[in-house]
Each structure stands twice: as structure tokens, then as C-alpha cells.
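With the sequences and hints as input, model every part of the structure.
So you can see what is in the structure, the chains are spelled out below.
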Amino acid sequence: MANREDVVTSSSRNVGLLDGIADALILAVQQMCDHEGLQYQWMRYLANLTEYPWDPFWQKLVDKIKTHLTKVEILRPRRRGPLRRIGDLSRLSLMKSDRNSEPLFADLPGSQERYLSTGYMSKDLDILQKFGLNYMFQNEFLDRVKRDLSVPDSKMKSQQTSEDWHERAAEAIDLSFTRNWTERIADTKALSLLPLCDGRWVSANSGSSFFPTVKNEIFVPGDLGLQLLNPKACSNAKRKKLFINLGVNDLDIKLALRPRILNKYKRGDLINLQASYAHLVFLYLTHEAGFEDYKNVKLYDHEGYSYLPETGDLYFISDDPQSLWQLSQTGDFVFEGVHFVHPQYLENPPKQATQHNITWKDWLHSLGIRRYPRLVHREHSRLSPECVKVAEKHPKRFLSFLRYAWNSEGDSVVKDEDALEELADTEVCCQFRGEEMFPLRDSYLPLPGLKAQCSRLMGDDEFFPFLHTEEPLAVDGDVNKWSFLLEHLEVKSQDGWPFYVQMLSCITDSNTQGNSANQMGRPGRLIEIYGRIHSRCRESADRRAELLRVR
Amino acid sequence: MGFLIRLARELYSKDVRFIFELLQNADDNHYTKAKKAGTEPYVSFHHYSDRVVIECNEDGFTEANIRAICSIGQSSKTGAQGYIGEKGIGFKSIFKVAWKAHIQSGCYSFVFIHRPGDSGLGMISPEWEEIPEQQNLPCTRITLYLHENSNDNRNINVEAQHNSIKEQLGGLQATMLLFLKRLTRINIHFHGDDAEESSVMLAMEKDVSNNRTTLGRDVTRDGDSNEIKNYYHVTTHTAAGLARSDNRTYSQAEEATRAYSKANVVLAFPLSDSSVPIIEQQEVFAFLPIRPVGFNVSLRFCPD
Chain A
1 MANREDVVTS
11 SSRNVGLLDG
21 IADALILAVQ
31 QMCDHEGLQY
41 QWMRYLANLT
51 EYPWDPFWQK
61 LVDKIKTHLT
71 KVEILRPRRR
81 GPLRRIGDLS
91 RLSLMKSDRN
101 SEPLFADLPG
111 SQERYLSTGY
121 MSKDLDILQK
131 FGLNYMFQNE
141 FLDRVKRDLS
151 VPDSKMKSQQ
161 TSEDWHERAA
171 EAIDLSFTRN
181 WTERIADTKA
191 LSLLPLCDGR
201 WVSANSGSSF
211 FPTVKNEIFV
221 PGDLGLQLLN
231 PKACSNAKRK
241 KLFINLGVND
251 LDIKLALRPR
261 ILNKYKRGDL
271 INLQASYAHL
281 VFLYLTHEAG
291 FEDYKNVKLY
301 DHEGYSYLPE
311 TGDLYFISDD
321 PQSLWQLSQT
331 GDFVFEGVHF
341 VHPQYLENPP
351 KQATQHNITW
361 KDWLHSLGIR
371 RYPRLVHREH
381 SRLSPECVKV
391 AEKHPKRFLS
401 FLRYAWNSEG
411 DSVVKDEDAL
421 EELADTEVCC
431 QFRGEEMFPL
441 RDSYLPLPGL
451 KAQCSRLMGD
461 DEFFPFLHTE
471 EPLAVDGDVN
481 KWSFLLEHLE
491 VKSQDGWPFY
501 VQMLSCITDS
511 NTQGNSANQM
521 GRPGRLIEIY
531 GRIHSRCRES
541 ADRRAELLRV
551 R
Chain B
552 MGFLIRLARE
562 LYSKDVRFIF
572 ELLQNADDNH
582 YTKAKKAGTE
592 PYVSFHHYSD
602 RVVIECNEDG
612 FTEANIRAIC
622 SIGQSSKTGA
632 QGYIGEKGIG
642 FKSIFKVAWK
652 AHIQSGCYSF
662 VFIHRPGDSG
672 LGMISPEWEE
682 IPEQQNLPCT
692 RITLYLHENS
702 NDNRNINVEA
712 QHNSIKEQLG
722 GLQATMLLFL
732 KRLTRINIHF
742 HGDDAEESSV
752 MLAMEKDVSN
762 NRTTLGRDVT
772 RDGDSNEIKN
782 YYHVTTHTAA
792 GLARSDNRTY
802 SQAEEATRAY
812 SKANVVLAFP
822 LSDSSVPIIE
832 QQEVFAFLPI
842 RPVGFNVSLR
852 FCPD
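Sequence order for the protein chains is A and B.
When we follow the working numbering, the leftmost residue of the first sequence carries the number 1, and every step to the right adds one.
When we follow the working numbering, the leftmost residue of the second sequence carries the number 552, and every step to the right adds one.
Keep in mind the hints are simulated off the structure, nothing from the lab.
Treat the numbers as computed from the prediction; the structure is a model and nothing was measured.
A hint or two may mislead.
With a straight-line Cα cutoff of 35 Å, these simulated DSBU-like cross-link-like pairs (lysine-lysine) come out [as the list claims (entries may be wrong)]:
#  : chain 1 : residue 1 : chain 2 : residue 2
1  : A       : 66        : B       : 813
2  : A       : 66        : B       : 780
3  : B       : 732       : A       : 64
4  : B       : 813       : A       : 71
5  : A       : 130       : B       : 813
6  : A       : 60        : B       : 813
7  : B       : 732       : A       : 60
8  : B       : 780       : A       : 64
9  : A       : 60        : B       : 757
10 : B       : 780       : A       : 123
11 : B       : 757       : A       : 130
12 : B       : 780       : A       : 130
13 : A       : 66        : B       : 732
14 : A       : 66        : B       : 643
15 : B       : 757       : A       : 123
16 : B       : 643       : B       : 813
17 : B       : 757       : A       : 71
18 : B       : 757       : A       : 64
19 : B       : 732       : A       : 71
Here you go:
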């Protein structure tokens with residue numbers, strides 16, 4: 001007698017009915033997929049199907065349902081096209097999404113698509129995982145990365161793509177490495193994921209690539225024949241981690257980079273101003289105290305020519321009125337053999353280096369850029385052409401110029417007898433109405449005491465060789481500034497008898513020339529002058545008669 | 552999630568299975584006249600303290616039907632699709648609760664009488680019963696005269712039976728309609744001594760193109776009415792290639808057409824009125840409601 005109270009589980013008819021029920025269920029799901037809302041929710045009816053402790057009879061039904069479900073098209077893809085099977089589509093993990101929960105990378109075209117419609121709720125997709133729905137696998141993900149890299153509107157390569165996107169993409173791609181999936185690692189290394197400085201994108205397999213900065217802030221010059229990454233891409237830590245996994249290395253400053261740069265100069269490579277600047281900044285920032293071998297380094301002048309400091313004098317463009325630059329600008333002439341360093345080197349100076357205390361400007365000086373004008377000729381034993389030119393073209397400023405340069409260059413003049421003589425013989429500007437030129441060695445510092453004597457004993461129209469200094473001298477304090485003139489160049493500062501002899505001579509000269517012949521005024525003063533000569537002579541035992549001039 | 556055993560199951564006993572047998576009978580009938588008149592195929596149960604009256608707007612008994620109802624081994628039901636099983640004795644289950652069944656259909660009016668201890672011949676031999684008025688009922692009416700307390704009925708708990716019947720009738724759910732072929736209305740009326748006290752109206756409407764079915768259960772008591780509507784996605788499918796049932800013998804015609812190799816599977820998925828799935832524990836129906844087995848859909852199929 002059949003048990004009407006429960007289902008007979010052994011009958012073959014009933015077992016056959018299970019297929020019918022499974023088919024009915026699949027048909028129901030397909031009908032629901034035609035419905036706007038139900039197509040995303042039907043799986044709720046199957047929520048506990050796989051977990052429930054079925055008896056063996058009903059478990060057969062569950063197994064049949066599971067099998068049948070994988071064979072029919074019941075899931076809507078993101079592009080809302082025709083339905084696909086469970087195995088055709090994948091869930092999108094947070095890691096592979098951007099911050100708006102959109103996929104990081106576009107889907108493959110046509111029937112290769114895998115992204116699920118956004119109409120499904122996460123908890124409903126959880127149900128489907130028991131029926132074979134998976135999150136996207138890394139190889140499927142990398143297929144999409146590969147496609148993106150190959151299309152003109154690539155997200156990875158676009159300038160508009162956000163930093164946040166790049167960080168997420170890097171982390172997702174890097175999963176191949178963090179999970180140590182050997183085959184995925186090989187796939188990832190074959191993708192052109194490395195953005196180079198020059199705009200190209202290369203893969204990890206295409207030769208050595210390097211990070212474009214060392215010690216975080218120092219940029220590697222781009223003309224060293226090295227495959228450098230785009231610096232903008234390297235500032236993000238997660239991207240950098242991926243790049244490291246893809247084989248990008250750091251360059252060694254001391255062993256690789258500095259020698260490479262210096263070799264370019266040794267070889268005589270063509271280096272333009274930009275490159276020169278980049279080289280110098282790098283060398284400065286990575287300079288170690290004690291390194292001195294910059295002898296091949298050339299610099300550009302303001303006219304666009306490059307020079308070795310050794311072979312051509314280089315100076316900075318300066319505001320200092322005593323500088324050669326200012327002197328050449330205001331005089332509207334050119335100093336032969338003198339070059340001025342291109343302003344670009346100082347326009348955007350690098351920050352102070354951290355591994356030494358030398359300033360940028362000082363370090364450039366150490367390459368050979370001169371601070372003070374040369375007074376003695378480079379090769380020959382005479383005054384430099386610059387010095388001569390200043391004396392000639394800027395007589396009024398020559399003394400200041402001389403004092404300015406003497407700090408550094410005085411010794412070289414003193415050592416060179418011929419140059420010294422030449423300098424002492426140079427005619428310089430003296431104070432008198434216009435510019436009266438007089439040899440340096442015979443002129444006097446315009447000390448107030450001396451000047452007082454002259455104004456007392458000489459007429460306004462009578463010239464006395466007081467040096468034209470651009471600022472007047474106070475009593476004695478200012479002598480120190482000009483002491484070099486007194487010490488080495490025979491400039492006078494005492495009111496000894498030569499002073500008065502000179503006075504006589506000047507009076508004579510100005511009265512025998514021109515208009516006032518035979519009309520010298522105040523003849524009485526001559527008496528005093530002679531008197532003083534006489535007393536001075538007596539005071540000093542030497543130097544007598546030869547210095548008395550003939551009237 | 553464990554499954555719930557509905558309280559109704561605990562009260563279930565073979566005594567009241569006649570209700571389901573009668574429903575199945577009604578569903579197996581034809582309703583061409585009702586269709587032509589534009590009315591829905593229905594069956595109503597009228598419950599009185601001493602009797603239950605079942606009415607149904609089917610086409611009416613034919614001579615073949617009468618022979619079938621009188622026979623032991625044959626069924627007039629066409630094909631192996633019939634769900635009665637037990638070789639046509641299903642209708643006889645009424646005698647568990649009643650001693651007399653008066654069947655009126657068209658111009659036919661006859662009774663079957665069987666009291667406990669009777670030979671059983673009364674179950675299969677109808678007696679003509681005259682009725683006062685000339686009858687021409689628009690429907691088929693079956694009046695079951697329930698057992699009463701008497702010496703003959705010592706072994707029957709009449710009170711328990713009466714309660715059970717009332718409870719079963721009152722507890723009928725509209726979901727039954729999902730698995731019936733033709734009936735779309737089941738009405739249950741409870742009558743007191745003077746007037747109707749309460750009623751339960753079960754109705755089904757199908758939107759076949761959308762696979763959408765609406766079930767309504769309207770309970771009226773003392774004039775106050777309360778209707779609940781439930782919505783379902785319904786899928787029907789014919790299972791094929793089935794083996795013969797071990798518990799049945801098939802007629803020659805059935806063997807020839809291999810009608811046994813097919814069976815109807817009906818799945819009903821509960822929805823909200825805005826078509827969002829409702830997930831609850833549901834029963835698996837197998838002609839008779841049996842214990843729930845964890846599905847949250849209602850299944851209907853023909854086990855052995």
C-alpha cells in the first residue's frame with residue numbers, strides 16, 4: 001500500500017519527475033529573466049538550496065538544478081545585451097573597481113564581455129556563487145588591461161586619468177606578484193605598463209628601466225641613454241611598488257650616474273643648455289666634499305656658446321657696478337676673451353644640497369667661474385686687456401674697479417713686475433673740472449689736509465693731480481681702502497717736499513700754457529712754497545737737488 | 552532556517568481527506584457550459600451542523616460518470632492525468648464522516664447510504680431519491696449527511712470529526728487553486744441555525760502572458776469583510792519520459808498513448824504586489840499537502 005502521506009523516494013517514476021521539476025525551475029528562471037525587476041532577483045528563491053540538509057532523494061533534485069542552471073543563459077551583462085550563462089560572467093571585486101564602483105578597465109567587446117549588470121544586489125550575487133559564479137580571475141582582468149593598453153583612448157595612458165585610478169589599477173595589477181601566481185607574473189611582465197619619460201610605454205621584458213629620481217628629489221638627467229620612468233608616475237607608493245615588481249631599478253649615484261655625466265663631457269658629446277643645466281644641478285646635489293674632477297665641464301655663456309672655464313674666462317652676470325658685466329653694459333663695448341655665464345643657470349637654482357654646505361653659486365664658482373676681474377694677462381707679463389679697457393673706457397670708475405679687483409687679484413699684480421710698472425704708469429682720472437688724466441704713480445690721494453694746502457696755495461684753474469675717487473675721503477680712515485695704491489703703485493699721500501715741488505710744477509704748467517702767460521696770480525705764494533720745500537728737505541736728509549725742477 | 556511544521560498537519564487525519572478528493576473530482580469535471588455563460592468554474596462548500604453541501608457549476612453527470620461512481624475498479628476519468636489514484640475509490644472516502652450522500656445533477660437525483668458496519672454494497676449501489684420539487688439544478692449538488700452520536704457510531708468520535716471538518720474547510724488556502732486545472736473559485740460558507748455566520752472566498756486570476764497569477768482570500772464574518780491578495784509567478788512544464796507508476800494499472804488506451812510518460816509540473820513563486828520575490832518557507836504539495844521539505848516554492852506533482 002503506497003504511503004500517501006509522503007513521497008515515495010525509491011520509485012523510478014518519482015526520480016524521473018525530479019528532472020521534470022528541475023526543468024520547470026529552469027524554465028521559471030528564464031521566464032523571470034524577461035521581467036524588468038525579477039531578472040535581478042530570481043536567485044532569492046534559491047537562497048538556501050545548497051545549504052539545507054536534504055535527504056538523499058531531494059538532494060538529487062538540488063544537484064540537477066545546480067547542473068541545469070550552469071547550462072542556460074540567465075544573467076544580464078553590464079552592457080545590457082543578450083543574457084549569458086553563469087560561467088560567462090564574473091563579479092567585480094572592490095579591488096578591481098574605481099571609487100564610483102565602475103570597473104577600472106573597460107570590458108572586452110562582444111561576447112567576450114564578463115562584467116555583470118549593475119542591477120544585481122551584492123547579496124543576491126552571493127547566492128549565485130554557490131552555483132558557480134566567481135569573482136573575476138586575474139588572467140581575465142589582465143586581458144582587459146592588455147586591451148586598454150592597445151586602444152587609442154587608453155585609460156592607463158590618458159592625461160586625464162586620476163591619481164586615485166592609477167593607484168587602484170596598480171594595486172590590482174600587482175596582485176599577480178603579491179599572490180605569487182607564477183603564470184600571472186609572466187603575463188604581467190609582458191604588458192606595456194611602464195610609462196617612460198619620453199612618452200613611450202614599455203614592458204618589464206624590454207630591457208632595463210630605471211626610476212627617474214635618486215634620493216627622492218634629485219632628477220636624473222634625461223640624456224644619459226637610460227630608460228627612465230616618467231616622474232609623475234613614480235610619486236605614488238603603490239604604483240612604485242608595482243614598478244619595482246616589474247623590474248625597475250634605482251641607479252647608483254656614485255658608480256653609475258656621475259661618471260656617465262662626466263664622461264659625456266670627456267667625450268665631447270653635444271650638450272645643449274637645458275642638458276647642461278640638468279647635469280650641473282645633478283652634480284651639485286650629489287657632490288661629495290673633496291671631489292674635484294670637474295675639469296671637462298663646459299658652461300654656456302649668455303650668447304649661447306659653451307666654454308671650458310679653463311680656456312675662457314667666465315663671469316656671472318652681476319648687478320655690482322664694479323663687475324665686468326656692468327662695466328661692459330654701461331660702456332657699450334665688449335671685453336675680448338671674457339664670457340658671461342648664461343642667466344639660466346641662476347634663474348631657477350636648485351634647493352640647497354643636503355649632503356654638503358656649499359651654495360649653488362659657490363659650487364658653480366668652484367667649476368672655474370671667476371669672482372673678480374683678472375688684472376694680469378692670462379699668458380703674458382702685462383696688464384689684462386680688461387684692466388686696460390676699463391682704464392680707457394671708464395676712467396672715472398677705474399680706481400673703484402681697481403680696488404674691487406685688488407682684493408683677489410692684487411697679489412698677481414705685485415708678483416709681476418712688468419704688470420705692476422704698467423699699472424703704475426697708467427693714466428687715471430684726476431679731480432679737475434672735466435677729466436684730467438695723469439699717471440697713477442705721480443698722483444695723490446685726495447686727502448682733506450692736502451687738498452686744503454692746495455686750495456690755499458693754488459688757484460682754481462690750476463690743476464693738481466688728486467685722484468678722482470668716486471666718494472670723497474674723510475680724514476685718515478679712508479686711507480686703508482686705498483693703501484694698496486700707496487704701497488705698490490707709488491701713489492702719494494704725504495705733504496713732503498715732493499708735494500710742494502709738484503705744486504710748483506703744476507703752477508708752472510698751467511701758467512705757461514694758454515691764456516694766462518706772464519699773469520700768474522699771487523706771486524707771493526711761491527715764496528711760501530719754496531719755503532716749505534726747503535724745510536721739508538731739511539727734515540729728510542735724502543733726495544735733494546735732482547728733484548728741484550728748473551724753472 | 553529550519554522548516555516549520557504547520558499546525559494544520561498535526562490535525563490532519565484521513566478522516567477529512569474527502570475534502571480534497573471532492574475538490575479533485577470537481578477539478579476533473581468539465582465546465583464548457585459555465586465558460587459559454589462567462590462564469591468562472593467554482594465549487595462551494597456549505598457547512599451546517601448536521602451536513603455539508605457541495606455545489607459546483609460543472610457540466611453535469613453523464614451516464615458514464617454514474618457508472619464510474621458506482622464501480623470499484625474503473626474510472627471514467629480520461630487518461631493517466633487523473634490525480635485520484637486508488638482506482639476510483641476516492642469518492643468513497645466520504646463515508647468516513649457521513650452515512651448518506653445525496654447527489655443531484657441535472658435531472659439525476661440519487662443517494663448512497665452506508666452506515667458503519669454495513670456490507671459496503673451501499674457504497675456502490677445508488678438508490679433513487681425523490682425530491683419534493685421538480686429539479687433542474689444549474690449545478691451539481693452533493694449533500695453529505697454527517698454521522699451523529701448514536702449507538703451505531705460508538706467507535707466514531709463524532710464531535711472530533713465535526714470539528715475537524717470545520718477546521719479543514721476554514722483552513723483552506725487559495726494556494727490550492729494553483730494546482731487545480733479548471734477551478735478558479737472555491738467558496739466555503741459556514742451556516743448557523745438561522746443564517747450564514749461566515750464565509751471564506753478563494754479566487755484565482757491568471758495573466759498567462761506575464762506568468763502572473765493573483766490569489767485572493769476574502770474572509771467575511773458578521774458582515775465584515777477582509778481580503779488578502781497574494782501574487783505569484785507561475786510556471787507550468789510537462790515532464791516527459793517518465794516510467795510507469797507502480798501503484799496504478801493503466802487502461803489499454805492509456806498504454807497505447809503512453810499517456811503515463813508525461814506529467815504536469817506546476818511551480819508557483821510568491822511575489823509582492825510590486826513583483827519582488829517573497830521568501831518564506833512553503834509547503835511541497837503532492838496532491839495532498841505533506842510535510843514541508845525546505846522548498847520555498849510550492850510544487851505540485853504526482854508521486855506514487
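Against the 35 Å threshold, does the CA-CA distance of residue 66 of chain A and residue 643 of chain B hold or violate the hint?
violated (43 Å)
Residue 66 of chain A paired with residue 780 of chain B [C-alpha distance capped at 35 Å]
Holds. Residue 66 of chain A to residue 780 of chain B sits at ~32 Å (cutoff 35 Å).
Taking only the CA atoms, is the gap from residue 60 of chain A to residue 813 of chain B under or equal to 35 Å?
holds (20 Å)
For the pair supplied as a hint, residue 130 of chain A and residue 813 of chain B, is the alpha-carbon distance within the 35 Å limit?
Judged against 35 Å, a Cα distance of about 31 Å means the pair holds.
Holds or violated: residue 780 of chain B with residue 64 of chain A, Cα cutoff 35 Å?
Holds. Residue 780 of chain B to residue 64 of chain A sits at ~33 Å (cutoff 35 Å).
Does residue 60 of chain A pair with residue 757 of chain B here, judged by a C-alpha cut-off of 35 Å?
With Cα atoms ~32 Å apart, residue 60 of chain A and residue 757 of chain B stay inside 35 Å; holds.
Hint check: residue 66 of chain A vs residue 813 of chain B, CA-CA at most 35 Å. Holds or violated?
holds (23 Å)
Holds or violated: residue 780 of chain B with residue 123 of chain A, Cα cutoff 35 Å?
Answer holds: residue 780 of chain B to residue 123 of chain A is near 28 Å, not above 35 Å.
Given the hinted pair residue 732 of chain B and residue 64 of chain A, is their alpha-carbon gap at most 35 Å?
This hinted pair holds, its Cα atoms lying about 27 Å apart.
With a cut-off of 35 Å on the C-alpha distance, tell me whether residue 732 of chain B and residue 60 of chain A pass.
holds (28 Å)
Straight-line alpha-carbon gap residue 757 of chain B to residue 71 of chain A, limit 35 Å
holds (30 Å)
Verify the proposed pairing of residue 732 of chain B with residue 71 of chain A, using a straight-line Cα cut of 35 Å.
At roughly 31 Å apart (the allowed maximum being 35 Å), residue 71 of chain A and residue 732 of chain B satisfy the hint.
Hint 14 alone, counting from the list given before, is not met by this structure.
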